[in-house]
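S.K.: In case you want the letters, here they are:
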Amino acid sequence: MDFLSDFLTLFLGKLQSPTLGFLIGGMIVAAVNSRLQIPDAIYKFIVFMLLIKVGLSGGIAIRNANLAEMLLPAVFAVVVGILIVFIGRYTLAKLPNVKTVDAIATAGLFGAVSGSTLAAALTLLETEGIEYEAWAAALYPFMDIPALVTAIVLASVYVSKQRGTADEYLSKQEYLSKQEYLSKQEYLSEQGITAGGYPKRDTAGKRVKIWPIVKESLQGSALSALLLGLALGVLTQPESVYESFFNPLFRGLLSILMLVMGMEATARIGELRKVGQWYALYALVAPLLHGFIAFGFGMIAHVITGFSLGGVVILAVIASSSSDISGPPTLRAGIPSANPSAYIGSSTAVGTPVALALGIPLYIGLAQALMGN
Amino acid sequence: MDFLSDFLTLFLGKLQSPTLGFLIGGMIVAAVNSRLQIPDAIYKFIVFMLLIKVGLSGGIAIRNANLAEMLLPAVFAVVVGILIVFIGRYTLAKLPNVKTVDAIATAGLFGAVSGSTLAAALTLLETEGIEYEAWAAALYPFMDIPALVTAIVLASVYVSKQRGTADEYLSKQEYLSKQEYLSKQEYLSEQGITAGGYPKRDTAGKRVKIWPIVKESLQGSALSALLLGLALGVLTQPESVYESFFNPLFRGLLSILMLVMGMEATARIGELRKVGQWYALYALVAPLLHGFIAFGFGMIAHVITGFSLGGVVILAVIASSSSDISGPPTLRAGIPSANPSAYIGSSTAVGTPVALALGIPLYIGLAQALMGN
Amino acid sequence: MDFLSDFLTLFLGKLQSPTLGFLIGGMIVAAVNSRLQIPDAIYKFIVFMLLIKVGLSGGIAIRNANLAEMLLPAVFAVVVGILIVFIGRYTLAKLPNVKTVDAIATAGLFGAVSGSTLAAALTLLETEGIEYEAWAAALYPFMDIPALVTAIVLASVYVSKQRGTADEYLSKQEYLSKQEYLSKQEYLSEQGITAGGYPKRDTAGKRVKIWPIVKESLQGSALSALLLGLALGVLTQPESVYESFFNPLFRGLLSILMLVMGMEATARIGELRKVGQWYALYALVAPLLHGFIAFGFGMIAHVITGFSLGGVVILAVIASSSSDISGPPTLRAGIPSANPSAYIGSSTAVGTPVALALGIPLYIGLAQALMGN
Numbered sequence: 001m002d003f004l005s006d007f008l009t010l011f012l013g014k015l016q017s018p019t020l021g022f023l024i025g026g027m028i029v030a031a032v033n034s035r036l037q038i039p040d041a042i043y044k045f046i047v048f049m050l051l052i053k054v055g056l057s058g059g060i061a062i063r064n065a066n067l068a069e070m071l072l073p074a075v076f077a078v079v080v081g082i083l084i085v086f087i088g089r090y091t092l093a094k095l096p097n098v099k100t101v102d103a104i105a106t107a108g109l110f111g112a113v114s115g116s117t118l119a120a121a122l123t124l125l126e127t128e129g130i131e132y133e134a135w136a137a138a139l140y141p142f143m144d145i146p147a148l149v150t151a152i153v154l155a156s157v158y159v160s161k162q163r164g165t166a167d168e169y170l171s172k173q174e175y176l177s178k179q180e181y182l183s184k185q186e187y188l189s190e191q192g193i194t195a196g197g198y199p200k201r202d203t204a205g206k207r208v209k210i211w212p213i214v215k216e217s218l219q220g221s222a223l224s225a226l227l228l229g230l231a232l233g234v235l236t237q238p239e240s241v242y243e244s245f246f247n248p249l250f251r252g253l254l255s256i257l258m259l260v261m262g263m264e265a266t267a268r269i270g271e272l273r274k275v276g277q278w279y280a281l282y283a284l285v286a287p288l289l290h291g292f293i294a295f296g297f298g299m300i301a302h303v304i305t306g307f308s309l310g311g312v313v314i315l316a317v318i319a320s321s322s323s324d325i326s327g328p329p330t331l332r333a334g335i336p337s338a339n340p341s342a343y344i345g346s347s348t349a350v351g352t353p354v355a356l357a358l359g360i361p362l363y364i365g366l367a368q369a370l371m372g373n
Numbered sequence: 001m002d003f004l005s006d007f008l009t010l011f012l013g014k015l016q017s018p019t020l021g022f023l024i025g026g027m028i029v030a031a032v033n034s035r036l037q038i039p040d041a042i043y044k045f046i047v048f049m050l051l052i053k054v055g056l057s058g059g060i061a062i063r064n065a066n067l068a069e070m071l072l073p074a075v076f077a078v079v080v081g082i083l084i085v086f087i088g089r090y091t092l093a094k095l096p097n098v099k100t101v102d103a104i105a106t107a108g109l110f111g112a113v114s115g116s117t118l119a120a121a122l123t124l125l126e127t128e129g130i131e132y133e134a135w136a137a138a139l140y141p142f143m144d145i146p147a148l149v150t151a152i153v154l155a156s157v158y159v160s161k162q163r164g165t166a167d168e169y170l171s172k173q174e175y176l177s178k179q180e181y182l183s184k185q186e187y188l189s190e191q192g193i194t195a196g197g198y199p200k201r202d203t204a205g206k207r208v209k210i211w212p213i214v215k216e217s218l219q220g221s222a223l224s225a226l227l228l229g230l231a232l233g234v235l236t237q238p239e240s241v242y243e244s245f246f247n248p249l250f251r252g253l254l255s256i257l258m259l260v261m262g263m264e265a266t267a268r269i270g271e272l273r274k275v276g277q278w279y280a281l282y283a284l285v286a287p288l289l290h291g292f293i294a295f296g297f298g299m300i301a302h303v304i305t306g307f308s309l310g311g312v313v314i315l316a317v318i319a320s321s322s323s324d325i326s327g328p329p330t331l332r333a334g335i336p337s338a339n340p341s342a343y344i345g346s347s348t349a350v351g352t353p354v355a356l357a358l359g360i361p362l363y364i365g366l367a368q369a370l371m372g373n
Numbered sequence: 001m002d003f004l005s006d007f008l009t010l011f012l013g014k015l016q017s018p019t020l021g022f023l024i025g026g027m028i029v030a031a032v033n034s035r036l037q038i039p040d041a042i043y044k045f046i047v048f049m050l051l052i053k054v055g056l057s058g059g060i061a062i063r064n065a066n067l068a069e070m071l072l073p074a075v076f077a078v079v080v081g082i083l084i085v086f087i088g089r090y091t092l093a094k095l096p097n098v099k100t101v102d103a104i105a106t107a108g109l110f111g112a113v114s115g116s117t118l119a120a121a122l123t124l125l126e127t128e129g130i131e132y133e134a135w136a137a138a139l140y141p142f143m144d145i146p147a148l149v150t151a152i153v154l155a156s157v158y159v160s161k162q163r164g165t166a167d168e169y170l171s172k173q174e175y176l177s178k179q180e181y182l183s184k185q186e187y188l189s190e191q192g193i194t195a196g197g198y199p200k201r202d203t204a205g206k207r208v209k210i211w212p213i214v215k216e217s218l219q220g221s222a223l224s225a226l227l228l229g230l231a232l233g234v235l236t237q238p239e240s241v242y243e244s245f246f247n248p249l250f251r252g253l254l255s256i257l258m259l260v261m262g263m264e265a266t267a268r269i270g271e272l273r274k275v276g277q278w279y280a281l282y283a284l285v286a287p288l289l290h291g292f293i294a295f296g297f298g299m300i301a302h303v304i305t306g307f308s309l310g311g312v313v314i315l316a317v318i319a320s321s322s323s324d325i326s327g328p329p330t331l332r333a334g335i336p337s338a339n340p341s342a343y344i345g346s347s348t349a350v351g352t353p354v355a356l357a358l359g360i361p362l363y364i365g366l367a368q369a370l371m372g373n
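Residue numbers (the working numbering), protein chains in the order written: chain A, 1 to 373; chain B, 1 to 373; chain C, 1 to 373.
Listed below are the simulated SDA-like cross-link pairs for lysine to any residue, each with C-alpha atoms no more than 25 Å apart in a straight line: (1) K209/B - V32/A; (2) K161/A - Q219/A; (3) K215/C - V75/C; (4) K44/A - A267/C.
Calculated from the model, a selection of chain A residues having no Cβ within reach of chain C, i.e. all distances over 10 Å: (5) F86; (6) R89; (7) L281.
No wet-lab data here; the hints were simulated from the structure.
Glycine residues also receive a C-beta, built at the ideal position from the N, C-alpha and C atoms.
Model the full assembly from the supplied sequences, consistent with the hints where possible.
M.R.: Below you can see the structure in the form of structure tokens.
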């Protein structure tokens, strides 16, 4: 009962958060045919600023971490981050009428990490007096960034395969219906370069060369900015400029991005009418499932290297959380054809409350049971 | 005598304020044919940022206010805000050679509220030991936003009527002379959509359908951003993003807007040569007149609901003040054909010093006389 | 030995600074063919913001300074600032294969002032107990801004002369080779207006009217923004907007400018292969030479007006330092044809460590010797 009322309180609170407020505001602005617009140059720069910041904060956390000591949990974090996206790719994406790129983007968001969910877990661990390694919170970029990169690459591979198939079999009708949901214009403008690079397609139809697509994805503006920030965070000392510039501007710029995404979402919310229940189901089950998988990996590290049970809980919470911070800008720029209403709606309205109200108490209880309390 | 020297000190001080400094700087930059430019995308984004901030701060103030208790004064604030614009529409705009859109914009600015004038009044009320309701300062958005909306709508109605008249009577000459002062290019680009929407004009010439114009005005980028901010402020909890982003950036972005407006003003300052005295007269009389009107309405609330005399002073000061903060960006975007030199010059150089040095002491003295001190 | 190890530590530290980190990051981004881009409107606005800030901080320092007392040292600062650029123009620019515009830009950067080098000197002076006038640090804008203005004007004069020569003698081949290194596109777009203004060229070939070029340079967007900021800083009171907006955003915007300059630098780093040693030599010798020249001028002021020996050291350090703050944005916008790899590389990698590790101790030791310690 407590869980349910907690859940509802969190759900209602989330609807008042500036992030979702600006998203819904943008939807209303578009619905009433306002002529309000954010210039394209500004939009591109905002995405750049957000991605550089996400990369920098991850890079700074990694640089300040004790890599030798945290090696095994960090490797497990990377593995879980990638695994989460593949799970979504082969469950959510296979449900009837669910569009594959939307499902991959949603899985990417659920693989990425929410800083506020993590902070809530740390607070609760301290309240409960459960000890954890000081570096455990620094595991988050090891799951966050691989999950987002995997999602973008998987989406690119999928889109390329579809194009290949379409070209081979000349199944014109299927091709067109697929084109439609790829948000035609964006698809063409963004993937134009890719298309040019692969004039010859494999005659086996379904087989597509993966590596060039991975390279293409990494050269795209989204992952370039993310990885540039990561590299600068690891290799240089950008703390001064991070603290004085990229971090303070982050929330505000994110709210404007949300507004733009809301303005676009209005036109595409109808797409979700037939599949909303699948997203709700995924968003309810996935956080708990991901958390248990990560808890299992954490226990392996606990047995082998003595990784604390508090650390195991943190790893599970990181996996259980879904990002409403790093995810939206990265996925918007990296998988432009995915419908933001799908992934942001799933994460903010269901996934995050589930992780907070059900996930955290579950993993802490599990750890306490294992500790013999 | 004190009033006069206070007035002159304030007048000279105002000339050194960054707001006016950047305006004059922009005028000089344009006068020496500099190639300095603010890209259009940046300009549009700055206007958006300023308007969202004005809306947000108004919305937050309203959400935190006790609406039931402040109902009557709030209604009076709305009434006075709208009334001020109509007064300007039928006095200043009727003076010889004064252009109607310039006059409406100026009246809108005098209806809008200056936060710094309000702060000065609150300080003085406390010094004098006059009590007022804690929510009285939150009356300002109830006058500020209606005044600006009214000004923009009145200007749109006027422009549409002019076009209708011109089309009907084919009085080519008049039409052309009217077009000239509407700053042709802006007029066409901004009003283009409006024009398309009204292919049939009323044959009575002067009669124009008002509601579509009001709707058009509300859908314009200026009022959309303002009302979006207002709605987000009232309905969500945007304090974190407001305090960390929109509010800190406000003054700086305003200074850049002032620079742009100054660069444009150089070309149009000549228009004011024949009418400068009328603006000076209006800016001298209007703040005091508006204040007395609001004082009267406040006294009605005093008698009916026991609204404090300190609150009555605050209502009068809000009406007396003219905005150099929320007004310029809103009017620049909402009434693009109005000459910024007219309304900013009137407000900053004369209106604000009058409200500060004459208005505030007058209303406080009046309240003290009524209190029997 | 201490000097050498200090130098190496500083050199390695500099490579980790965010400024250089973003520059190198941009070079790598371009080298791996990323599609990351900063929109042009954003780039122009960033340059504007940086230049206004440089001007404002100089102007505020001048306004707060006691001009009567500091007259002679200030005049000497202006003289040294201009002299440094002319020295570079007639030494570095004359070395084999060194491109003249690159050399002039580099000399401009070495004439400009580094705030952090100055801060280091002030700290050391206080540690050593050497007294100096409170206003001595305010001498920096008197050297910084004249040096940058001189560099931009000299570069414009040079470019105009080249064009004149080329037109006169029709030495087509030379013309083309010259055009090439002027980074054709930028050259044409930026100088297009200039070209239009001088249809008739002096028949003496080498003689070009200087004043119109100076005027053109001052009307350019770079110097306009710089001088506008300077004027606003001297004549108005922009402290509030400077402290809340222009100053806090400075380092962050500079890092993004560095990223853009790095992305451009990749294509042009090859130009420096044959001349790298000359830049290294200049960057090693120039800071010490400039410092000694300024020390000499300072001693004249010491004898005539009793300017303190601590002040003399400060004047020398200002001359010795090279700007990695005010310089890059100003030169990038003011001399677009100059190769940023040349001037930023020389200053950041060699010039600044030399000034810090060799210059400051030298001038302090010299002052102490003169004081009879």
